[in-house]
Each structure stands twice: as C-alpha cells, then as structure tokens.
Amino acid sequence: MIATKLAFVLFCWTAAFALPTAVQVVFMHAAFVLGRFLPLFRPSSAQARRLYVRFLLYAGLLSAVVVILNALFVRNGEVLLDLGIVQFSREGVEFGLRVSVRLVLMSTAVLVFFLSTPLRDLAAFLDSSGAPAVLTSVLLLSLEFLERLPQRIEQIFTAQEARGAPVRAGFAGRFRSLFSILGPLIVSSIVESVERSHALALRGFPAPPEHRIRIRLPLTIPAWSLIAGVVAMVGWKLWESFR
Amino acid sequence: MIACRSLHVAYGTGQPDVLCGLSFTVPSGSICALLGPTGAGKSTLLHALSGTLGMFHHAAQCSGSVTVNEETFMPVPRRVLFPAVGMLMQEPHLQFSGMAETVEGELKWTLDNLGIIGDAAQKQISVALDRFGCSTLRARTLRSLSGGELHRIAFASVLVARPSVLLLDEPVASLDQNARAQVARLLDSLRGDATILFTDSDPDLAMRLADRIIVLDSGTLRLDGSRKTFLDTVDAFGDILTVTTWPRVRERFAASGLSSLTARRLRRSLGQT
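If you read the protein sequences in the order shown, they are chains Z and B. The numbering used here applies: residue 137 is where the first sequence begins, and numbers increase by one. The numbering used here applies: residue 9 is where the second sequence begins, and numbers increase by one.
It is possible that part of the hints are untrue.
[Unchecked claim] Partial selection, computed: residues in chain B whose CB lies under 10 Å from chain Z:
#, residue
1, HIS55
2, THR60
3, PHE64
4, MET95
5, PHE104
6, GLY106
7, GLU109
8, THR118
9, VAL166
10, ARG170
Source of the hints: derived by calculation from the structure; they are not laboratory data. Backbone N, C-alpha and C define an ideal beta-carbon position, used for all residues, glycine too.
Take the sequences, apply the hints, and build the full model.
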C-alpha cells in the first residue's frame, strides 16, 4: 500500500510540472477528496485529521494571497479589474494561479502521504525494501523522539516548576522559562538517541544485505496505472519540447 | 568466554581513563557480576565488550585487548558483535526497534536481521517467550504492556537471537522484588548455555547467583573472586557499594527498621552487635 501512495506522490509532482493548470486543479481537488474519503489516504489519527483540515484552510488562504499579489504586481497584458490606483492584470492572475495550484498540489500529495502513513510503517517499508540504513535510523529515532516529546516536556516542566520557575505563569513566564526547558530537552534527546542507536546496532540493525528480507514491491493496479501516468506525462513533455 | 587484558579506555585524548588497565577472565557458561558505584566504568566496559564503544565512539582512546568467544580484539572490537553478544540496556524502551507494534513483531525484527524467517523464526520466538513466561503477551501491543512486562520483552528480544555472551546493564535496577526474583531465576536457567556478565550497584543479585564477582571503582579492579571472597572482604567496599536488599543484611537488621545500609554502616553495625 505504501508503494501505491508513493506512486501517487510521484504522479502528483510530475503533474505539477508537466500538465496544464486546469488539469492540475482537477488533480488537486482529487487529492483533497482522496485524503478526506479514501481509507488508504485518510489521515491515520485524530490529530492528523485536524492537521489536514487546518492545512486545507491555510492552503486556501495562501493561494488567495499568492494570486492577489501576482495580480497586483504583474502588470502586463489585459486589465481584468481597474480600481483606480489598483489594477488586476489577467497575466498576473494566471501566473498566481499557476504557482499556487502547483504548490498546493505538491504539498497536498506529500501531506496526504505522511498523514496517512505511520512513520513506523514507513520505516519498516524502507528497511525491507533496501533503503539506506541511515535513512531508516533517522526515521526511527525521529519517531521515538516525537512519541516521547510530550511526556518529556511535561517532566521537565514539572521539574522546573518544582525549582520555582514560573513555567505556567502566563505567556511571559512561559517565554522566560523556554530556555531552561529547551536545554534539558535537547541534551536528554541527544543522549537517548545515541543510546537507541547503540541498542539497534546491538540487535543486528542494519542487517547485512544477504539477510535483508526484501519486499517484492506489491505494485497494485492503481500503482501501475499511476506509474504509467508518470511515464506518459514525462514522454508527452519531452515530445512537446522536441517538436 | 570473556577476557580483558590491561584494558585502558578514555573518551578522548587528554581525558582521564574511564577504565584503568583492567584484566580479568569470565569462563564460558558462567555468571559474573560487575559491581561498583555510578561512574565506576561498568557500562563503558559492557560497551567495550559488545563493540558499540569501538563502533560509535571514534574519539575513544583504548589500549590492551579484549577476547570474546576465542576471538581477540586489539584493543577493542570495532564492530558490534551481534549475534554472538547480546546486550540489555538499562532502559527497556530504548531497546525496542520502533518498527513493530506487537511483542511478536518486536522479537521477529531481531530474527529478520539474522535472516531467520518462517517456521524457524516462529519457533525461536515461542521458545524465547516461554522462557520469560510471556507466551500470553505474544499478540499484545508494546504500548499496552506494564513496566515489568516491557522489561521482560526487551530481555526476550535480545535472547531470541541466542547469543553465547550476554551483557546486562543493571538488569534489575528498576524492578520490584517479584520481578527481581524472576530475572534471577531466568539468569540461573541460562547458566551453562551463555556466558553472562551483569552490572549492578547492589550486591543482592550477585550474592544470589554469580559464580564470580568483580568490583570496579573509578575504572580500577578492586576485587575479582568468588562470592565467598567477596563476603570475606566486604568491609573493604563499604565506601562504594550500597546494600539495599542483601538478604543477610535484611535478616540481620529487619528488626531495626533499617532499609538502606552501606557496607560501611554494616561494618559499624556488626561491630556494635
């Protein structure tokens, strides 16, 4: 399933550069719908769902800002709207739309992938499909760090509070005690990461190549279709540039 | 078999020696306790024996030699000696791969790294879990386990690779009395199958099952002998060992309500009684 999702990301990124903006808009909405309704692409936790909704709101706002700014500052061609001192040009609007649709399509594809794929599954997939051990290690260490972060912050908060630091006394207090929290947080995270990398090595990670159980990439029909789409888009773009 | 000859370790040029010319031998199949206070160099010695010191601490300055299972390294192994050497870290949560949800998946991960799959892997997992009395936990997620259960599964995830040398860094430090007794029984059951070296700052577990006891202080060997030798010379370690659960102490001083005594205090108390 992860291979299908990776193929989807690759497809969207290729489309963002190879296809006309109107088609990109269709794919962008398709990505939104997939991330909202299709189980494979749906965010894997309640927190991820909240993040996805927030992303959609910010993406809409950002797109509007990009379009407006381009419409204001690109002054070539036909004027769509004239408000006296402010003019909106057609070329500016079109350029703004192109940029924002491309950005939103690419970031939606990546976000949908990461929100629907637990890091643990991704690390296991990368490890078994022969990805560099460093990449998998970084993912695993990040996962451990993120999982333990809230608990660790709470512990440090409590410890600092016990020493009289005004860690919960309003914004100013929190800001002042930020540095006293960051220090222990960073040091303890580094120490744990080192110990964890030792522990992984002591359990035989990374396995020698002959012991790696490689996944035969389970390329489903949708994955093959997406890859075929990527090849077609690249081929069409090349043909068009040499024509 | 584990042996060290004149092993010196410092964590960098110009840094003080963490281990100062250690020489000792742990015969194959025996259980050896490495006692000493915090900062004595116990964990460093385990890392030197397992290969993590040589592999990860490139600035470390080492001299002497280390022998593990008839293979001699000058001065320390530069690669992790997996699966010949298995090591249990102090914190069980650090031991887990992060790639498996369930207990079975966690043990399987070790075997995957060894290239053991299918029925052979399932059999080894069953044996390891049975040994720890954890068969019922097989399908449970790691998140749902208690502290004691996590500790046992961390131990099982090491043992499932069937190491011939087992290094345990304070294996009972965070466990209650029942769990300590369980670990002691387990280590006893491994006697003869694996060479076991475990560290502790409390001699309780060592007094129960160690064939020999090594006492380290500031990287220097203070004692290398049998349990009897340790008992006979215990007064000499009053300033470095904390005796919290030592049965002899507990029996003797239960009436007095003392729960934590250093050996120095013990000597004074013994003198008074």
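Index of numbered hints that the structure contradicts, given in increasing order: When the structure is compared with the hints, only number 10 turns out to be violated.
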